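Assemble the complex: chain X is given as a structure, and chain S must be docked to it using the hints.
Note that the protein sequences, when read in sequence, are chains X and S.
So the first sequence is numbered by this note's numbering: it starts at 1 and just counts up by one.
So the second sequence is numbered by this note's numbering: it starts at 1 and just counts up by one.
If you're looking for bench data, these hints aren't it; they were derived computationally from the structure.
Owing to the predicted nature of the structure, the values given are computational and were not obtained by experimental measurement.
Any given hint might turn out to be false.
What the hints assert, rightly or not - So the derived list for chain X, only partly shown, Cβ under 7 Å to chain S, looks like this: (1) Ile4; (2) Lys5; (3) Leu10; (4) Asn64; (5) Leu117.
Stated by the list, open to error - Taking lysine to aspartate or glutamate and the DMTMM-like style, the derived pairs with C-alpha atoms no more than 20 Å apart in a straight line are: (6) S:Lys581 with S:Asp520; (7) X:Lys3 with S:Asp74; (8) S:Lys33 with X:Glu116; (9) S:Lys588 with S:Asp436; (10) S:Lys390 with S:Asp410; (11) X:Lys5 with S:Asp138; (12) S:Lys33 with S:Asp74; (13) S:Lys569 with S:Asp538; (14) S:Lys30 with X:Glu116; (15) X:Lys11 with S:Asp74; (16) X:Lys20 with S:Glu141.
Claimed, not checked - Just a sample of chain X residues kept apart from chain S, beta carbon distances all over 12 Å, derived: (17) Ala67; (18) Cys78; (19) Asp105.
Where a beta carbon is used, it is the ideal one built from N, C-alpha and C, also for glycine.
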Amino acid sequence: MTKIKSLADLKKMKEDFQSKIALREKSEKPEGRVLIKVAMATCGIASGAKQVMEFLIDELDKRNIDAIVSQTGCMGYCYAEPTVEVTLPGKEPVVFGYVDEAKADSIIEKYIKNGELLEGIIPVNYETID
Amino acid sequence: MAKFNMHMLVCGGTGCRASASDMLYENLKKEVKAHGLEETVQVVTTGCFGFCEKGPIVKIIPDNTFYVSVSPEDAGIIVSEHAVKGRKVEKLLYRDPVKKEQIPDSKHMGFYKKQIRIALRNCGLIDPENIDEYLAADGYEALGKVLAEMTPEQAIQEMIDSGLRGRGGGGFPTGIKWQIASKVAADQKYVVCNADEGDPGAFMDRSILEGDPHSVLEAMIINGYCIGATKGLIYIRAEYPLAIHRLKIAIQQAREYGLLGDDILGSGFHFDVEIRYGAGAFVCGEETALIHSMEGERGEPTFKPPFPAQSGYLGKPTNVNNVETFANIPVIYNKGARWFAGIGTEKSKGTKVFALAGKINNVGLIEVPMGITLREVIFEIGGGIKDGKKFKAVQTGGPSGGCLTEKHLDTPIDFDNLLAAGSMMGSGGMIVMDEDDCMVAVAKFYLDFTVEESCGKCSPCRIGNKRLYELLDKVTKGQAGREDLDNLRNLSHVIKDTSLCGLGQTSPNPVLSTMDNFLDEYVAHIEEHRCPSGVCKDLIRYEIIPENCVGCTACARNCPVNCIAGERKQLHVIDQSLCIKCGACMEKCKFNAVTII
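Here chain X stands alone, though its shape is the one from the complex (with noise of 0.2 Å):
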């Protein structure tokens, strides 16, 4: 890996990681791809959030959805992991949760095919800096 030798360096790979992580979301489709993200600190994995993971990953590809799968940290609602982040193209990211497989499972065959929200998502009740 070739190390970053000065602010400039730093900056300049910022913007290609940017650019890297928003060709990735948008890939070579115009529809672009669904990103979807796992809450996956101790609560989460506590409550079963690997095995979503899993089956997610394994689901979203059996059944052919160009998705992209990946970890995160706690979104704080603790109350309900484990917790999904869906972000279909061009949409809101929705965060589900209480997600075992059955939910993961309708979260896949009603929200990403076909855009159909789930009872008890969570609304995101908190601002970011940017």
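Below, chain S without anything else, positioned relative to chain X:
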């Protein structure tokens, strides 16, 4: 197949449900159907929006319209106006409380500002095991800026100007701490990250390390540059395996990019980080005990001065900051001290992460600006008390803190106000208690923890806390006399005044604050031999109410000591001499026939 292009989100949180949000939901569904829109408009319930005061809440996406105080009768107009004609229903829009303007979309609403994520900015956003994602989120840019454009003195001044105070509990100004360490001359200095999060009920440090480990590393490097240290140590409890795992990955990746090691970003500055494991002792959160533990000695505190800034790890000047403090730092350099100082109260700047736990609906991690009130935290963000019970108290600051009650609900939360109210910020645990909690038992619970965690070095803490615990035990058993109230108070003050370190100096706080706020409960235990909340086992008994008992035998079948007698369809009776007061009968009874006396 349905392809929805509009969603109506109806809040299904406890607060909104209490004001008929479920009926509103049904009405919206009916209206949608009546207008023939069931193929395109979907109505769903959601979790709590954390804005219960203005409930029920309806949010329409994709345009993010936010309707407040919506009654079930408003369903018609929402569907006919908004869904059919695409016009917002003005009268239901949220009005800015200050400017009185209607705010059409949720992104510009003040209440979203109730939570601002600075320390938690990347948690839930980036992949913590991928440094590239951190770089894309402005990662290490603050470090680059400090190394390339600032002298250590300027960087320290920026920290002082920001007003950041230590988030581990003490609230000491971070910039001043750095300045002291920077002025001591030495051949070697150390930066230590205190990740020994010991408060029961607090888990923000773990979440930060698990969700955004690079932000802590970046801040440690900046800290090293400022005070002239080349080595960083992270003291983390071994009970946090995932945090350790992600830290290790982060350190490795930072080294590969040359962000740790020699000549960082071409500045000539050298810095590296090591991890040290703690065995999970509460006292090791105290900085001198922490340093001794890292040196391989017993985790016992020593008298200050000398402060670690003068003589710390291996006798060298050492700056110790907590995880959450570090996580704030890169943002301060990126956005400027002035920006940070603009958030919060006069003497407490920025935000604080709180771990909400106990009898509260939305258990979780929140980050709020200093100066928010307990009422906003508990009843809006936290969604109120579980099962519609009555709020009784909230314990802030863990075993070192105190209980705050109804009368403190509107006090703005900051370091100084909490101290003045007889509690403390601590590391930010907030345990909410309802009417079913006995405050004497709560104080005893925390004392039990402190007795267990006292290192035993100084006698006020080792012996005093044990005696204090015994006194509380007597109270909960109904064996205490009126004079024990004075004994409790006196002993508490002696322990506070004479203990060596923060552990003993604060351990009587739960006792003192519950005595200040709930003396009537202590008196009831002592004089009436009664536990008003029905918690203390020695002072309660379970009885079966004859009028309610149908003789279903559920209690008798579930009693672990077989002390309930009674034939089928006959009245059951509990044998008090055998009853162990486990409460299984009460839990299993479907007819509310078991009561606590």
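Structure-based check of all given hints:
1. Satisfaction of the interface hint for Ile4 (chain X) is found here, the shortest Cβ-Cβ separation to chain S being roughly 5 Å, below the 7 Å cut-off.
2. Evaluation of the Lys5 (chain X) hint against chain S yields a held restraint, the C-beta minimum of about 5 Å falling below 7 Å.
3. Annotation: Leu10 (chain X) was flagged as interfacial toward chain S, and the flag holds, the nearest CB pair being 5 Å apart, inside 7 Å.
4. Using the Cβ-Cβ criterion of 7 Å, the hint placing Asn64 (chain X) at the interface with chain S is not satisfied: the shortest such distance is roughly 17 Å.
5. Here the hint on Leu117 (chain X) is kept, as its CB sits about 5 Å from the closest CB of chain S, short of 7 Å.
6. The straight-line distance between the Cα atoms of Lys581 (chain S) and Asp520 (chain S) is roughly 24 Å, outside the 20 Å bound, and the hint therefore fails.
7. Distance check on the hinted pair: Lys3 (chain X) and Asp74 (chain S) sit about 61 Å apart at the alpha-carbon level, beyond 20 Å; violated.
8. Taking the CA atoms of Lys33 (chain S) and Glu116 (chain X), the gap is about 16 Å. The hint holds against a cut of 20 Å.
9. With a CA separation close to 18 Å, the supplied pair Lys588 (chain S) and Asp436 (chain S) stays within the 20 Å bound.
10. For the hint pairing Lys390 (chain S) with Asp410 (chain S), the CA-to-CA distance comes to about 17 Å; that is within 20 Å, so the pair holds.
11. About 16 Å separates the Cα atoms of Lys5 (chain X) and Asp138 (chain S), which keeps this hinted pair within 20 Å; it holds.
12. Between Lys33 (chain S) and Asp74 (chain S), the direct Cα distance comes to roughly 15 Å. Compliance with the 20 Å bound is thereby established for this hinted pair.
13. Between Lys569 (chain S) and Asp538 (chain S) the alpha-carbon distance is near 31 Å, which puts this suggested pair outside the 20 Å criterion.
14. A hinted pair counts as satisfied when its Cα atoms are at most 20 Å apart, and Lys30 (chain S) with Glu116 (chain X) qualifies at roughly 18 Å.
15. The hinted pair formed by Lys11 (chain X) and Asp74 (chain S) fails the criterion: a straight-line CA distance of about 51 Å is larger than 20 Å.
16. Under the criterion of a C-alpha separation no larger than 20 Å, the hint pairing Lys20 (chain X) with Glu141 (chain S) is consistent with the structure, at around 18 Å.
17. At roughly 15 Å, the least C-beta separation between Ala67 (chain X) and chain S is larger than 12 Å, which holds for a residue marked as non-interface.
18. Listed as outside the interface, Cys78 (chain X) is inconsistent with that label: its C-beta sits roughly 4 Å from the nearest C-beta of chain S, within the 12 Å cut-off.
19. The claim that Asp105 (chain X) is not at the interface with chain S holds, since no C-beta of that chain comes within 12 Å of its own (minimum 17 Å).
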